[in-house]
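Engineer: So the chains spell out like this:
Number of protein chains: 2
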Amino acid sequence: MKRVFVSQIKKMKEESILVKGWIYKIKSFGKIAFVLLRDKTGVIQLVLDDEGMIDSVKLEASVEVKGIISKNERAPGGVEIQVKELKIIGKTYYDLLPFSINQREIEASLETQLDHRYISLRRPDKRAVFKVQEEIVEAFRKYLRKHDFSEIHTPKIIASGTEGGSEVFTVNYFDRRAFLAQSPQFYKQMMVGAGFEAVFEIGHAYRAELHNTWRHLNEYVSLDVEMGFIEDENDLMDLEEEFMKFLFQYLSETCKKYLEILKVKLPTIEHIPRVTLSDAQKILLEKYNKKSPVGNIDAEGEILFSRYIKDKYDSDFVFLTKYPVSKRPMYTMPDDENKGITRSFDLIYKGLEITTGGQRIHDYDMLKENMIKFGVKPNDFGFYLESFKYGMPPHGGFAIGLERLTMKLLDLENIREASLLPRDMSRIMP
Amino acid sequence: MKRVFVSQIKKMKEESILVKGWIYKIKSFGKIAFVLLRDKTGVIQLVLDDEGMIDSVKLEASVEVKGIISKNERAPGGVEIQVKELKIIGKTYYDLLPFSINQREIEASLETQLDHRYISLRRPDKRAVFKVQEEIVEAFRKYLRKHDFSEIHTPKIIASGTEGGSEVFTVNYFDRRAFLAQSPQFYKQMMVGAGFEAVFEIGHAYRAELHNTWRHLNEYVSLDVEMGFIEDENDLMDLEEEFMKFLFQYLSETCKKYLEILKVKLPTIEHIPRVTLSDAQKILLEKYNKKSPVGNIDAEGEILFSRYIKDKYDSDFVFLTKYPVSKRPMYTMPDDENKGITRSFDLIYKGLEITTGGQRIHDYDMLKENMIKFGVKPNDFGFYLESFKYGMPPHGGFAIGLERLTMKLLDLENIREASLLPRDMSRIMP
Chain A
1216 MKRVFVSQIK KMKEESILVK GWIYKIKSFG KIAFVLLRDK TGVIQLVLDD
1266 EGMIDSVKLE ASVEVKGIIS KNERAPGGVE IQVKELKIIG KTYYDLLPFS
1316 INQREIEASL ETQLDHRYIS LRRPDKRAVF KVQEEIVEAF RKYLRKHDFS
1366 EIHTPKIIAS GTEGGSEVFT VNYFDRRAFL AQSPQFYKQM MVGAGFEAVF
1416 EIGHAYRAEL HNTWRHLNEY VSLDVEMGFI EDENDLMDLE EEFMKFLFQY
1466 LSETCKKYLE ILKVKLPTIE HIPRVTLSDA QKILLEKYNK KSPVGNIDAE
1516 GEILFSRYIK DKYDSDFVFL TKYPVSKRPM YTMPDDENKG ITRSFDLIYK
1566 GLEITTGGQR IHDYDMLKEN MIKFGVKPND FGFYLESFKY GMPPHGGFAI
1616 GLERLTMKLL DLENIREASL LPRDMSRIMP
Chain B
1216 MKRVFVSQIK KMKEESILVK GWIYKIKSFG KIAFVLLRDK TGVIQLVLDD
1266 EGMIDSVKLE ASVEVKGIIS KNERAPGGVE IQVKELKIIG KTYYDLLPFS
1316 INQREIEASL ETQLDHRYIS LRRPDKRAVF KVQEEIVEAF RKYLRKHDFS
1366 EIHTPKIIAS GTEGGSEVFT VNYFDRRAFL AQSPQFYKQM MVGAGFEAVF
1416 EIGHAYRAEL HNTWRHLNEY VSLDVEMGFI EDENDLMDLE EEFMKFLFQY
1466 LSETCKKYLE ILKVKLPTIE HIPRVTLSDA QKILLEKYNK KSPVGNIDAE
1516 GEILFSRYIK DKYDSDFVFL TKYPVSKRPM YTMPDDENKG ITRSFDLIYK
1566 GLEITTGGQR IHDYDMLKEN MIKFGVKPND FGFYLESFKY GMPPHGGFAI
1616 GLERLTMKLL DLENIREASL LPRDMSRIMP
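If you're matching them up, the sequences are chains A and B in order.
Counting from 1216, one number per residue, gives the positions in the first sequence under the working numbering.
Counting from 1216, one number per residue, gives the positions in the second sequence under the working numbering.
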């Protein structure tokens, strides 16, 4: 007999079936029990009328059940299964669950839930987050492949830090000191130059940042894009804007069920405003009397400015553009027209930066000079710099933090809720 | 004027166009030059009749070219462009290329080519390897998503080794000792148990193996699958076999152009034979007088046995099944019917192991006992073992080494040719 999934049962006749899953809830009245069975597609009521069988079921045991579909208006969903055979195929070995998962909410701290991820994820609403996340990734890939970008996989063990700074994890690589890549920055540029022209990568990025906040992870999934033969950074913002429109459309089609579970309504995106950083700083000062640090906007400023944009343009998104040279990496293209300014941007989504991007320097001499200006030794970037000797075209790109995008899209409070198994300063388990 | 890609030109009229790309070859006759321009889609001949323009072009510079399409039977592909304007947009800074890339073959060792990956990949045939690899990944994802597997992303920084042994890289994680995951084994099992039921992951795996051979990489891309509610390991082999059939069909449809460039003909897969390890050892001894190590077949044996299978069944693939307990990890399900034997398998493709898989132990007590039998401390696997207390269903999975599959499919001689930027014992650059 072939297994039937819970989501298929509603459309079936009153026939014999085999279902498999976990025991989600037990309401026992001695000689009869109503038991909820959960599989990856949903939850259904089982009716058990055998005392031995009733005694055998334990919460969260996994079971194989044969029975007959029966319509019952009082059952959740209007259907239940009259059980004929029940076999425990995955036993339980606990006295008490770490926390109850079949109530309205989990009554445990986020930390406790993360400690027992294999329990908390059994709730359909916790798992729904990752089903949406999966479709975000799928949309990203689909959109870029449709536009002839190549998907690449580049090494995470590298010989020198990519983004500079000390915030890098060290690896013992056959008794040599190596690092975990902070981003695929150098490699995605290199692959553009190597003839792929337009590439993307979905992979882990590592930041040894000494931040333990609601919006930081030390290992995260980065959605990276790099594109050659561009005119300037506007091509990149155009690309990201079009992707965002596509994404929201795609999710509204593919994630209906999960968005309902999570009670999330997706807006449609019309246009993402683009505001220069200095204009944004001025607006913050004039409207909110909010002072900003030199060449940047702090976390509070991002939230305020997002609110301003939402009121004025009804947009959850805003591009902040033209950051100063001092706030961007040494490979960022300077803006000809504005001294000290770069062709760069951030994308802010509901008050949180989810993307950093920009045009890169493609000329060997200019890049070398810029390294020296930034106080780094060109020799420390041997192969990277070397790759610019051979006709590197104008190019640029951006990266989206997958967990940040997921968090904001689903209105989660902590980025850890958007990571299956988060890594932060104090957590490397499970 | 919108950029036109080389692959589109053949279908166009004799009209004005803008193309971009790199200078691939220059044949100059003083007042006239025939120049090949290469973009990501192909190569086309430019006709230059301006001496200043001719002097300005250098091999591998990137350029923007405006001109008029002109049919010419003597031009490669029957079409060329009469150039009106040529702009160098990416300058060159070299005296000599590290090696020539516009001849029949690259006259440089693999090591030299890898040192200058940003040059060697500019050849269409080198890049074609990764376009096929991209489609392998796409087929894997497509096939599994169609069968309701969830794509997951699990941490690569972990607190304890997964596959046992000392072949693990250590990371300094905020002054704690952590490791790079040898596989997502524990996590993919955990996610099956956490309610996803069937999962896959496309991610890096790290092996600090002291092997520097044609078939080993220390960082590679692993195509991992794990599936709950199975009967036994045959369900897994069925799944992999069906995937392989799908893969070859999919590649024959999507990679025609690249397979032609690489001169590779894809066979169709009818059925993959399944032979127990002990039968395979017997056949090797009887047919080839080849002795095998206890409970295994060595690399030479794999090649000989593949040849035997090819002759007998016309199959490039063979599943070797039922490995002994001593040769499999502690989480492998023992075979009830054969003492000392496990429900495990390898998939051998043209003489090379590309997959290891099997059913896993899902019962907490049994797993704990097995750990003790294997001489490992259950406490060292705290959260992993703990996750088996809550009704873990019967399950199993497998992993395919992406670079190994690519290498065999494309008849490459060295696995490094199937990695954009390989990592081995001596290489962490570029």
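Keep in mind that a hint or two might mislead.
Given that identical chains are not distinguished, each listed pair holds provided it fits within a single copy or across any two copies.
Stated by the list, open to error - Straight-line C-alpha distance at most 27 Å; calculated BS3-like pairs for lysine-lysine: (1) 1472 x 1246; (2) 1225 x 1537; (3) 1505 x 1273; (4) 1472 x 1357; (5) 1246 x 1527; (6) 1542 x 1273; (7) 1471 x 1357; (8) 1302 x 1226; (9) 1588 x 1542; (10) 1225 x 1554.
Just so you know, the hints here were simulated from the structure itself, not pulled from any lab data.
Engineer: Hints first: check each against the structure and report whether it holds.
Structural biologist: Hints, one by one, checked against the model:
Proximity of residue 1472 to residue 1246 under the C-alpha cut-off of 27 Å is found in neither arrangement, the shortest distances being 36 Å within a copy and 68 Å between copies. Taking the shortest Cα distances, residue 1225 and residue 1537 never come within 27 Å of each other, neither inside one copy (55 Å) nor across copies (41 Å). Taking the shortest Cα distances, residue 1505 and residue 1273 never come within 27 Å of each other, neither inside one copy (57 Å) nor across copies (53 Å). With identical chains, the CA atoms of residue 1472 and residue 1357 are at most 27 Å apart both within one copy (21 Å) and between copies (21 Å).
Within a single copy, residue 1246 and residue 1527 get their C-alpha atoms no closer than 63 Å, and across copies no closer than 61 Å, so neither meets the 27 Å cut-off. For the homomeric pair residue 1542 and residue 1273, neither the shortest alpha-carbon distance inside one copy (57 Å) nor that between copies (36 Å) is at most 27 Å. In this assembly of identical chains, residue 1471 and residue 1357 lie within 27 Å of each other by CA distance both inside one copy and across copies; the values are 19 Å within and 21 Å between. When the C-alpha separation of residue 1302 and residue 1226 is checked against a cutoff of 27 Å, the pair qualifies only within one copy, where the shortest distance is 25 Å, while the shortest distance between copies is 64 Å.
When the C-alpha separation of residue 1588 and residue 1542 is checked against a cutoff of 27 Å, the pair qualifies only within one copy, where the shortest distance is 14 Å, while the shortest distance between copies is 57 Å. Taking CA atoms no more than 27 Å apart as the test, residue 1225 paired with residue 1554 passes in neither setting, with 66 Å inside one copy and 45 Å between copies.
Violated hints, listed in ascending order, are 1, 2, 3, 5, 6 and 10; each of the other numbered hints is respected by the structure.
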